[in-house]
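Could you build the full structure based on these sequences and the hints that come with them?
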Amino acid sequence: MPADFLSNLYVFILAAFVGFEVIKRVSPLLHTPLMSLTNALDAIVVVAAIVIAGRHETRLTTVLGAIAVAASFSNMVGGFLITDRMLRMFKSPRSKQS
Amino acid sequence: MNAAALRQYLDFAYIAAVVLFILALKFLSSPKNARWGVMAGEIGAALAVVATLLDPEVAHYQWVLIPLIIGAGAGIPLGLVRMTAVPQRTALSHAFGALSAAMIGVAEYYVATAPLPRFAMGEIALEVIIGSLTFTGSLIAAGKLQELLPQRPIVYRGQNFVSLGVLAAALALAVALVLNPARAALFPIMVVVALIFGVLLVTPIGGADMPTVISLLNSYAGFSAALLGFVLDSKVLVVAGALDGSSGFILSVIMCKAMNRSFANVMFGAFGQVQASAAAGQEQRPVRSATAEEAGAILEAAGSVVIVPGYGMAVAQAQHKVRELYDVLAKKGVKVYFAIHPVAGRMPGHMNVLLAEAGIPYERLIEMDEINGDMPQTDVALVVGANDVTNPAARTDQASPIYGMPIIDVDKAHTVMVIKRSLNPGFAGIDNPLYYLDQTLMLFGDAKQFVGAIVRELGGGH
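Chains X and E, in that order, are what the protein sequence lines are.
Using the numbering used here, read the first sequence as starting at 1 and increasing by one per residue.
Using the numbering used here, read the second sequence as starting at 1001 and increasing by one per residue.
Treat the hints as calculated values from the structure; they're not laboratory data.
Ideal placement from N, C-alpha and C gives every residue a C-beta, glycine not left out.
Take the hints with a grain of salt, since some may be wrong.
[Claimed, not checked] In the DSBU-like style, the derived pairs of lysine-lysine whose C-alpha atoms are separated by at most 30 Å in a straight line are:
no.: 1; chain 1: E; residue 1: Lys1257; chain 2: E; residue 2: Lys1412
no.: 2; chain 1: E; residue 1: Lys1235; chain 2: X; residue 2: Lys24
no.: 3; chain 1: E; residue 1: Lys1335; chain 2: E; residue 2: Lys1032
no.: 4; chain 1: E; residue 1: Lys1332; chain 2: X; residue 2: Lys91
no.: 5; chain 1: E; residue 1: Lys1026; chain 2: E; residue 2: Lys1257
no.: 6; chain 1: E; residue 1: Lys1026; chain 2: X; residue 2: Lys91
no.: 7; chain 1: X; residue 1: Lys91; chain 2: E; residue 2: Lys1335
no.: 8; chain 1: X; residue 1: Lys24; chain 2: E; residue 2: Lys1032
no.: 9; chain 1: E; residue 1: Lys1335; chain 2: E; residue 2: Lys1412
no.: 10; chain 1: X; residue 1: Lys24; chain 2: E; residue 2: Lys1257
no.: 11; chain 1: E; residue 1: Lys1026; chain 2: X; residue 2: Lys24
no.: 12; chain 1: X; residue 1: Lys91; chain 2: E; residue 2: Lys1331
no.: 13; chain 1: X; residue 1: Lys91; chain 2: E; residue 2: Lys1257
no.: 14; chain 1: E; residue 1: Lys1331; chain 2: E; residue 2: Lys1032
no.: 15; chain 1: X; residue 1: Lys91; chain 2: E; residue 2: Lys1032
[Said to hold, decoys possible] Not everything, but these chain E residues come out facing chain X in the computed CB check (under 10 Å):
no.: 16; residue: Val1018
no.: 17; residue: Val1038
no.: 18; residue: Tyr1061
no.: 19; residue: Pro1067
no.: 20; residue: Pro1117
no.: 21; residue: Leu1237
no.: 22; residue: His1350
This is the structure we're talking about:
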């Protein structure tokens, strides 16, 4: 078993607990924006895709990496955009309509 | 500065990104500050992306920048879709996320020049299987939500055996690869089998179960990204994937509880198939119906009104007319609230987003558990396009397939009005005894037109 597996497992377990505690407190009102925001955060796999594509080792891996860059970056851009659009709509009656 | 030193500095950008991601989710705990969450997430993501572009390993920029531009070009229209299209957009983004996680895993497999060590082979195989099945499963879900595919569950005899057999085949191929990582020919076969399993997994699931399925796919997409973090030894992926995965998992649990069903039952139960024939054979029972004029008079005379929206409101695009009704009733001094069932619509929170889009203040949107206590003191419950989530058989009829599901107790209100196209049983094919109660008035028609007609009777709207 490689040593980095164990350290990643520690990180994973701690992050899952943090996620559980934080997300439990998200109002059900905002469950749809929650899903689109976590989707945008998950699109951080784009950093791995950039490395694969930018290393340009073989044609196959470069093409796979480039597709992954496009797919995950569209999630990142689209995810943040739609989350913000949704959250802007949630108004309380006391706040003035924009 | 040499490459190793630079990479250490870049790691700080990833750590900052992780902190900002957690803060982003924390800001979502109240609608007031939620937009700060988007800001925090954006800054974190931008830091991580810029740091990666500075990584000396990334030398061939044309292979990176062009896909980034294409990605942004696809992402902007996907961020600007109409609110009624949000469920299918979300399913599509799960598909994209899973696709990129799977492709990176596949690329990582082919980058290796010598056969991988067994442990690394196992990690990659598992990551690629989950990513691939989530990709095709999410595409099928998006197709159903966009109504490119039938929303009905598509079932055949022995389906579960076939599906589980295909999954077992994918796992067997993974085990074979771990036992002998040199058998490279098995790898693409495993990917294809996992892609097929994703199709088989979601095809039999009906539209009414989409809130759970979309949450589960969310969770799979997150966990495949976390596994990718293990494969690549990238902590930022492990954390982001764990956050996304646990978020999807929590939402799936909430959705299952709101339907009183287990994961296994959602995935393999083909809900909504069994009852259709039984309901069709039922004899006609008398119902009372009313016109828009009568409905308007009853609403106007009421002290308190609870509106119960469902998927039918989204289909009919009736949320703006509902807002007009809310405005005209509020002006006449009627207290109006909205009762939101957790699984109303096609994804978690679907109704809240549509009503917020229409401009209804979020304090008026009340969760099921909170509003049920007030239902006996409510003068009028107006059901707009909801069906199963108001079905009193869930409380009383042990033979009903939805028995035990928590519902909004509209039948306890003094008067119930249900806007519905016809008496045909709803999506799940389950007859609703609510329609035959003495205090129930059926308002037959299209939700948007009927609410519009009531608004005109009350002298509101444009």
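Structure-based check of each hint:
Our distance criterion of 30 Å between C-alpha atoms is met by E/Lys1257 and E/Lys1412, whose separation comes to about 22 Å. Note on E/Lys1235 and X/Lys24: the hinted pairing holds, with a Cα-Cα distance of about 23 Å set against a maximum of 30 Å. Proposed proximity of E/Lys1335 and E/Lys1032 is supported: the alpha carbons are some 24 Å apart, at most 30 Å. Annotation: proposed proximity of E/Lys1332 to X/Lys91 holds, straight-line Cα distance about 22 Å (limit 30 Å).
Using a Cα cut-off of 30 Å, the hinted pair E/Lys1026 and E/Lys1257 holds, with the two alpha carbons roughly 24 Å apart. Pair hint E/Lys1026 plus X/Lys91 holds up; C-alpha atoms about 19 Å apart against a cutoff of 30 Å. Restraint check for X/Lys91 and E/Lys1335: the C-alpha separation of about 18 Å stays at or below 30 Å, so the hint holds. Distance hint between X/Lys24 and E/Lys1032 is fulfilled; the C-alpha atoms sit about 17 Å from each other, no more than 30 Å.
Distance hint between E/Lys1335 and E/Lys1412 is fulfilled; the C-alpha atoms sit about 17 Å from each other, no more than 30 Å. The straight-line distance between the Cα atoms of X/Lys24 and E/Lys1257 is roughly 15 Å, inside the 30 Å bound, and the hint therefore holds. Restraint check: the Cα-Cα separation between E/Lys1026 and X/Lys24 comes to about 10 Å, which is no more than 30 Å; the hinted pair holds. For the given pair, X/Lys91 sits about 19 Å from E/Lys1331 by alpha-carbon distance, which is consistent with the 30 Å threshold.
Using a Cα cut-off of 30 Å, the hinted pair X/Lys91 and E/Lys1257 holds, with the two alpha carbons roughly 29 Å apart. At roughly 26 Å between alpha-carbon atoms, E/Lys1331 and E/Lys1032 fall within 30 Å of each other, so this suggested pair holds. Taking the CA atoms of X/Lys91 and E/Lys1032, the gap is about 8 Å. The hint holds against a cut of 30 Å. Below 10 Å, beta-carbon pairs count as interface contacts, and E/Val1018 has one with chain X at about 8 Å; its hint therefore holds.
Satisfaction of the interface hint for E/Val1038 is found here, the shortest Cβ-Cβ separation to chain X being roughly 5 Å, below the 10 Å cut-off. Contact between E/Tyr1061 and chain X, as hinted, is supported at the beta carbon level, the nearest pair being about 7 Å apart and thus within 10 Å. Interface restraint check for E/Pro1067: the shortest CB-CB distance to chain X comes to about 4 Å, inside 10 Å, so the restraint holds. Residue-level restraint check for E/Pro1117 holds (minimum Cβ-Cβ distance to chain X is 8 Å; threshold 10 Å).
Of the supplied interface hints, the one on E/Leu1237 holds, with its beta-carbon coming within about 6 Å of a beta-carbon of chain X, less than 10 Å. Among the interface hints, the one on E/His1350 holds; its C-beta lies about 6 Å from the nearest C-beta in chain X, closer than the 10 Å criterion.
In this structure, every one of the numbered hints holds.
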